[in-house]
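In order, the protein sequence lines correspond to chains A, B, C, D, E and F.
Per our numbering, residue 1 is the first one in the first sequence, and the count goes up by one each step.
Per our numbering, residue 142 is the first one in the second sequence, and the count goes up by one each step.
Per our numbering, residue 283 is the first one in the third sequence, and the count goes up by one each step.
Per our numbering, residue 424 is the first one in the fourth sequence, and the count goes up by one each step.
Per our numbering, residue 565 is the first one in the fifth sequence, and the count goes up by one each step.
Per our numbering, residue 706 is the first one in the sixth sequence, and the count goes up by one each step.
FYI, nobody ran anything at the bench for these hints, they're computed from the structure.
As a list, the in silico DSS-like pairs of lysine-lysine whose alpha-carbon atoms are at most 25 Å apart:
(1) D:K517 / C:K347
(2) F:K770 / E:K658
(3) B:K206 / A:K94
(4) B:K235 / F:K710
(5) D:K517 / E:K569
(6) D:K477 / B:K195
(7) E:K608 / D:K488
(8) A:K44 / E:K629
(9) A:K94 / D:K428
(10) C:K326 / F:K770
(11) D:K488 / C:K347
(12) A:K5 / E:K629
(13) B:K185 / D:K467
(14) E:K629 / F:K770
(15) B:K146 / C:K347
(16) E:K608 / C:K326
(17) B:K235 / A:K65
(18) B:K185 / D:K477
As a plain string of letters, each chain reads:
6 protein chains.
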Amino acid sequence: MATVKLLADDELSPEARVIFDDIRRTRQSDFVNNFWRALAHDPKTLGRTWDSLKQVMAPGALEPKVKEMLYVAVSIAHGCSYCIHSHTASARAKGMTDQEYAELIAIVGMAAETNRLVTALGVAVDDAFLVDPPKSGPQDF
Amino acid sequence: MATVKLLADDELSPEARVIFDDIRRTRQSDFVNNFWRALAHDPKTLGRTWDSLKQVMAPGALEPKVKEMLYVAVSIAHGCSYCIHSHTASARAKGMTDQEYAELIAIVGMAAETNRLVTALGVAVDDAFLVDPPKSGPQDF
Amino acid sequence: MATVKLLADDELSPEARVIFDDIRRTRQSDFVNNFWRALAHDPKTLGRTWDSLKQVMAPGALEPKVKEMLYVAVSIAHGCSYCIHSHTASARAKGMTDQEYAELIAIVGMAAETNRLVTALGVAVDDAFLVDPPKSGPQDF
Amino acid sequence: MATVKLLADDELSPEARVIFDDIRRTRQSDFVNNFWRALAHDPKTLGRTWDSLKQVMAPGALEPKVKEMLYVAVSIAHGCSYCIHSHTASARAKGMTDQEYAELIAIVGMAAETNRLVTALGVAVDDAFLVDPPKSGPQDF
Amino acid sequence: MATVKLLADDELSPEARVIFDDIRRTRQSDFVNNFWRALAHDPKTLGRTWDSLKQVMAPGALEPKVKEMLYVAVSIAHGCSYCIHSHTASARAKGMTDQEYAELIAIVGMAAETNRLVTALGVAVDDAFLVDPPKSGPQDF
Amino acid sequence: MATVKLLADDELSPEARVIFDDIRRTRQSDFVNNFWRALAHDPKTLGRTWDSLKQVMAPGALEPKVKEMLYVAVSIAHGCSYCIHSHTASARAKGMTDQEYAELIAIVGMAAETNRLVTALGVAVDDAFLVDPPKSGPQDF
Chain A
1 MATVKLLADD ELSPEARVIF DDIRRTRQSD FVNNFWRALA HDPKTLGRTW DSLKQVMAPG
61 ALEPKVKEML YVAVSIAHGC SYCIHSHTAS ARAKGMTDQE YAELIAIVGM AAETNRLVTA
121 LGVAVDDAFL VDPPKSGPQD F
Chain B
142 MATVKLLADD ELSPEARVIF DDIRRTRQSD FVNNFWRALA HDPKTLGRTW DSLKQVMAPG
202 ALEPKVKEML YVAVSIAHGC SYCIHSHTAS ARAKGMTDQE YAELIAIVGM AAETNRLVTA
262 LGVAVDDAFL VDPPKSGPQD F
Chain C
283 MATVKLLADD ELSPEARVIF DDIRRTRQSD FVNNFWRALA HDPKTLGRTW DSLKQVMAPG
343 ALEPKVKEML YVAVSIAHGC SYCIHSHTAS ARAKGMTDQE YAELIAIVGM AAETNRLVTA
403 LGVAVDDAFL VDPPKSGPQD F
Chain D
424 MATVKLLADD ELSPEARVIF DDIRRTRQSD FVNNFWRALA HDPKTLGRTW DSLKQVMAPG
484 ALEPKVKEML YVAVSIAHGC SYCIHSHTAS ARAKGMTDQE YAELIAIVGM AAETNRLVTA
544 LGVAVDDAFL VDPPKSGPQD F
Chain E
565 MATVKLLADD ELSPEARVIF DDIRRTRQSD FVNNFWRALA HDPKTLGRTW DSLKQVMAPG
625 ALEPKVKEML YVAVSIAHGC SYCIHSHTAS ARAKGMTDQE YAELIAIVGM AAETNRLVTA
685 LGVAVDDAFL VDPPKSGPQD F
Chain F
706 MATVKLLADD ELSPEARVIF DDIRRTRQSD FVNNFWRALA HDPKTLGRTW DSLKQVMAPG
766 ALEPKVKEML YVAVSIAHGC SYCIHSHTAS ARAKGMTDQE YAELIAIVGM AAETNRLVTA
826 LGVAVDDAFL VDPPKSGPQD F
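Whole structure, please, built from the sequences with the hints as guidance.
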């Protein structure tokens with residue numbers, strides 16, 4: 001099931017090939033996963049997305065493993081099965097242990113539960129959580 | 142805007158009071174935020190939710206700060222403004238730096254983008270990402 | 283905050299007025315809530331939506347109270363604050379007790395949690411849950 | 424497609440086995456569905472989730488059938504195919520008729536439609552729907 | 565995977581058959597896709613949905629192609645794989661070019677990203693974007 | 706309500722100032738809306754997001770007005786009130802008429818309804834909608 005054909009290496013436009021080469025070089029692996037083969041029909045979005053992903057997932061203040069775990073958490077909440085599978089695999093490849101994975105899953109479930117409870121009840125944000133709280137007196141409960 | 146009144150301390154049932162006491166003792170703070178004051182109408186869900194949250198967010202393989210950041214990521218994807226504000230405040234209280242926050246936000250946005258691109262294109266999960274890949278030969282592109 | 287002005291009674295087009303009259307007659311109340319005042323700019327969608335809602339929420343196999351509770355559950359999952367408030371009020375007006383409301387909220391939260399756990403883990407649907415299960419032998423775990 | 428292997432009975436840890444025994448005893452059936460077999464890698468989340476589910480779905484003010492229908496409604500809105508299939512099967516097992524199912528589906532669809540219309544238009548919540556309406560005069564439209 | 569059996573032509577109720585006839589006549593094609601075959605168990609919802617769809621997707625101020633592209637965009641954001649496939653096919657049948665499709669996908673991804681960034685940061689709506697801005701002085705940043 | 710302070714012009718870092726200058730030059734307007742003032746704490750994400758947005762929303766095969774309408778549709782489905790307001794204003798500024806807006810809203814609502822109906826029923830994608838349909842015989846209903 002797909003809305004476009006996945007492009008094999010010999011079906012790539014020259015522009016897409018350049019980006020595939022960079023994916024392979026950056027990841028030091030010959031494997032290019034299906035997402036890029038679907039995006040390759042539009043080299044502009046392929047290139048922009050790859051450049052953004054490289055920048056966002058590059059080593060920074062957060063560990064690469066933690067970055068992948070955040071990616072997994074969002075993908076679960078958005079219900080993207082492909083993204084869940086690919087980024088769970090990446091998180092494991094970057095060192096996520098079974099125990100860490102278990103904690104990740106538990107937090108995502110718990111957050112989903114309290115997210116919906118809060119939304120159901122229409123809870124107002126406490127002044128204490130605001131960056132710019134109103135100056136006028138205490139909370140009114 | 143709320144579907145129930147927030148309960149002040151002197152409006153709590155005895156069952157709810159016991160749980161508020163545990164929240165205060167566990168957090169070593171007198172402050173009890175609005176979420177619990179809305180949930181307090183139903184001591185059973187109040188108690189179960191607090192117990193689960195204590196278990197899930199307790200120190201484990203993941204740092205408390207990282208746990209809060211995962212909570213924030215899910216809350217953003219679910220569009221729960223209250224939860225975003227409260228858990229962003231918690232993540233900061235547990236040591237999240239401005240740089241880490243900036244990276245968190247960037248990952249959530251990036252994941253949202255690729256989640257939707259993948260979903261749009263109907264990309265099939267690569268065998269390489271499966272825990273139990275089919276045995277029958279290489280990927281067919 | 284709105285993307286259109288709410289229309290007062292004396293700002294309605296003749297087509298919209300006819301529908302407002304039917305809303306008032308059907309509900310036996312003079313009160314017309316903001317949703318319809320925002321929709322009234324487009325009498326076609328106003329009329330179609332009102333007709334559909336009347337048909338869907340009419341007495342049927344399910345109690346009116348249960349119908350409103352299902353509406354609330356969906357509105358929470360979609361994060362529509364207005365809809366949560368209006369249908370929670372309707373459910374109460376149709377007899378939902380505090381205990382029933384507490385159970386509704388708890389189920390919505392619990393469903394959100396297991397929904398995300400299942401999605402995270404990529405659990406395959408058991409043959410036992412399929413209307414047309416494959417004929418070829420037992421489940422393979 | 425899964426991010427973990429489903430555990431067969433003879434692959435369970437002693438802690439997970441205890442919970443499977445309780446699932447079987449409580450449901451008076453030998454069948455344990457895939458969700459629990461995926462969760463069983465983490466006995467802590469397995470146990471907590473099962474305990475919560477037992478509490479939330481236990482007979483209460485709402486009929487068991489209605490509870491399952493609310494679960495289905497939320498699962499549809501969250502796009503969890505597994506949960507939709509398993510809880511639709513449960514609702515039927517607990518007495519949901521074809522007519523009730525048809526009404527459930529229609530309400531979920533209708534709610535989705537008006538949820539998005541309201542969100543599109545940014546409709547403000549009517550004072551009449553608020554638990555604590557502002558005291559200062561009539562609505563301003 | 566389905567929660568109901570798809571109905572073949574010779575399994576339709578007389579009421580459902582009338583609607584299938586109208587679908588075929590309106591589309592000038594014998595092909596009736598699976599959605600209608602699943603809905604056909606409930607002729608009331610089948611009829612109401614078909615009537616609404618005919619009205620909403622009829623030629624209007626927007627080109628039919630643009631209407632289908634909007635449908636695709638929403639279906640992606642809701643994660644409905646069936647709807648994505650069927651309406652992407654319809655958009656192509658109504659003239660959507662590969663370039664237009666590439667732009668559609670890129671916009672959906674970009675919107676998802678900024679939607680989540682804005683939600684994460686809790687950005688207040690600028691007065692300039694309000695239909696009824698407050699009269700009292702300039703924005704307070 | 707925000708998780709960061711909105712930055713005024715005289716609070717910008719030199720890197721952020723450069724991007725604000727480009728926003729003003731590109732839009733030929735002195736007005737810089739709150740989204741960019743919130744993002745400005747992180748010049749890297751500010752710059753990347755602005756560059757991507759410029760590329761994605763630039764004149765192309767689709768009219769600028771249609772591009773904004775697609776943005777609005779996605780923002781509604783994601784429940785981002787800020788984005789709905791800002792892009793609805795942009796769509797109007799680029800020529801969206803009241804009639805076109807009414808049709809946009811109606812499509813978004815209709816899509817939401819059928820998205821959820823399809824998801825509820827677990828409808829399988831018709832071979833006719835697949836880019837690479839299986840070769841093995843007709844559909845089996």
